[in-house]
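Those protein sequence lines, which keep their order, are chains H and D. The numbering used here numbers the first residue of the first sequence as 488 and each following residue consecutively. The numbering used here numbers the first residue of the second sequence as 4 and each following residue consecutively.
Calculated directly from the structure, the hints in this document are not laboratory data. One or more of the hints may lead you astray.
Covered stretches of chain H (chain D as the covering partner; in silico rule of three or more C-beta atoms under 8 angstroms from a C-beta of chain D) [stated by the list, open to error]:
(1) 490-497
(2) 513-521
(3) 545-558
(4) 577-588
Heads up, simulated DSSO-like pairs for lysine-lysine below, C-alpha to C-alpha not over 27 angstroms straight-line [stated by the list, open to error]:
(5) Lys-317(D) - Lys-567(H)
(6) Lys-524(H) - Lys-266(D)
(7) Lys-189(D) - Lys-266(D)
Ideal placement from N, C-alpha and C gives every residue a C-beta, glycine not left out.
Here is what each chain is made of, one letter per residue.
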Amino acid sequence: MTNEDFPLPTPTPESAPYWEGLREGRLLLQKCSSCGKLRHYPRPVCDACFSMQCEWVQASGRGTIHSWTRTHHAFLPVFKQDAPYLLVTVDLEEGPRMNARLRGDGRDPVIGTSVICKLEAHDDNWVFPNFVVA
Amino acid sequence: MSLRDRAAVTGVGETAYTRGSGRSAVALSLEASLAAIADAGLSPRDIDGVIPVTGRGAIAEDVIANFGISDLRFSAQVPMGGASPVAALQCAAAAIAAGICRHVLVLLGRDAFPGGRVATGVHKIPAFRTVGEFELPLGAVSPAQLYAPMARRHMELYGTTIRDFAEIAVTTRQHALLNERSIMRKPITIEDHHASRMISDPFRLLDCSQENDGGAAVVVSHPDAARELARPRVLISGVAEGHPDSPASITQRADMTCLGVAKAAPRAFAMAGLQPADIDVAEIYDCFTYIVLCQIEDLGFCAKGEGGRFIREKGIGLDGALPVNTHGGLLSQAHMAGMNHVVELVRQLRGEGGCAQVKNAEIGLVTGYGDMGDGALAIMRRG
Chain H
488 MTNEDFPLPT PTPESAPYWE GLREGRLLLQ KCSSCGKLRH YPRPVCDACF SMQCEWVQAS
548 GRGTIHSWTR THHAFLPVFK QDAPYLLVTV DLEEGPRMNA RLRGDGRDPV IGTSVICKLE
608 AHDDNWVFPN FVVA
Chain D
4 MSLRDRAAVT GVGETAYTRG SGRSAVALSL EASLAAIADA GLSPRDIDGV IPVTGRGAIA
64 EDVIANFGIS DLRFSAQVPM GGASPVAALQ CAAAAIAAGI CRHVLVLLGR DAFPGGRVAT
124 GVHKIPAFRT VGEFELPLGA VSPAQLYAPM ARRHMELYGT TIRDFAEIAV TTRQHALLNE
184 RSIMRKPITI EDHHASRMIS DPFRLLDCSQ ENDGGAAVVV SHPDAARELA RPRVLISGVA
244 EGHPDSPASI TQRADMTCLG VAKAAPRAFA MAGLQPADID VAEIYDCFTY IVLCQIEDLG
304 FCAKGEGGRF IREKGIGLDG ALPVNTHGGL LSQAHMAGMN HVVELVRQLR GEGGCAQVKN
364 AEIGLVTGYG DMGDGALAIM RRG
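Work the whole structure out from these sequences, hints included.
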């Protein structure tokens, strides 16, 4: 799908490795090189020790549903074809959270349910994370 | 030094609230400003401080140019979304207490029709940069979608129900029917709420605030100057802002049922030397019904998780233990990013509340909520 109105990410030099990782089929988290604390979404400084050095580690993709919403009203025209769609807040087993689509069967999600990340190509350039029930 | 009683709101002003004014947000904010300045009994040239609030309304340069102000001494911006009008009261009070200026104009204008919609444009605001990169491409675009998981989590942890949300929508609408500026003019029932279309579960249409045009403004003055002005003096006795954990991403917030105002409330009450039980009337930011319920808890009116019960058992109507949003709020009067809440509280404390006047309202509270959970509150009293 190509659509010039689609709100594609605009990565920064600091977040680019995350998106590059998705293209390579890996869900990456930042890990502080100094104290080892994991963080997400990508940002420049570790809030535990203030180090700006980090490495990228691969997350398992496993997690549990922390909360969710099913969007019925498409606020941008590009999402109209998808509505209604599910967005889940996921507690990754490594600790940080992420928000992503849940590819479900139409039923309401249940908080605490185990889910696993599935990467899906959005177009030739972009790969986005989604979840399915594990 | 505390800011307790170091500033007073001396003037309040609003335009008509409409859907399609045919006027710019700049013009609307300036019209409201002129009304607020006249309400105070001041001349536009008396304004020596300006805090333009969020969005497309007039900025300091517009105020100087249009009002012929020769020596503006203070200008600031408070980028906290819907928490900005109340946080601006703190900023104004601090500038006045420091002796920088005497009369600070806080103004706001919105022209949602046809241009400046909030629901589809928030990702352009710097506070939404993180969300814009990592969540917007996946389809999380609007405040309704970003805040819905907070409400869902609250329901899961505390048994809060959509009936609790409906109670807020219905009561707020009842108040709006008493207010001549309200855009929403039809009564609604609990059933109407439940039957309204789903926007982003659990938020239905009647859980959501509106988009509209209009302007609102207030003048904050030195308390000595306030004594000599036109209206009964309304002092800012306690004021504070609070930023939630993980303010750039609700997703990453350890406890997503807790807002920034929870940090600000103890500071503001301590400053004022008051308790939640002392509050006669509360104007609580209501971009969504749930946000009212959550703030009632975070302000200390009840324990976390007890907001639904508080609303059911104590009541937030004009005869309730805590009358809330006596003007009809963002839900039913108009979405003026909470500037209309500040205006309404001042009117209530002056005894100018009209059909919605809370009897013997002497001490009141106003909150703001914005972006990903920023909060602010001001406790005011007649005096």
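| In terms of beta carbon proximity below 8 angstroms, does the segment 545-558 of chain H have 3 or more residues touching chain D? | n = 6 at 8 angstroms, threshold three: holds.
| said: Check the hint pairing Lys-189(D) with Lys-266(D) against an upper bound of 27 angstroms on the C-alpha distance. | reply: Distance ~37 angstroms between Lys-189(D) and Lys-266(D) Cα, so the pair is violated.
| request: Check, residue by residue, whether the segment 577-588 of chain H contains three or more positions whose beta-carbon lies closer than 8 angstroms to a beta-carbon of chain D, and give the verdict. | output: holds (count 6)
| Mind checking, does the segment 490-497 of chain H have 3 or more residues with a CB under 8 angstroms from chain D? | holds (count 5)
| said: Is the listed coverage of the segment 513-521 of chain H by chain D valid when you require three or more residues with a beta carbon under 8 angstroms from a beta carbon of that chain? | reply: violated (count 0)
| Regarding the pair Lys-524(H) and Lys-266(D), is the alpha-carbon distance no greater than 27 angstroms? | holds (26 angstroms)
| message | With the threshold set at 27 angstroms, check whether the alpha-carbon distance from Lys-317(D) to Lys-567(H) stays at or below it. | response | violated (42 angstroms)
Hint check: violations occur at hints 2, 5, 7; the rest are consistent with the structure.
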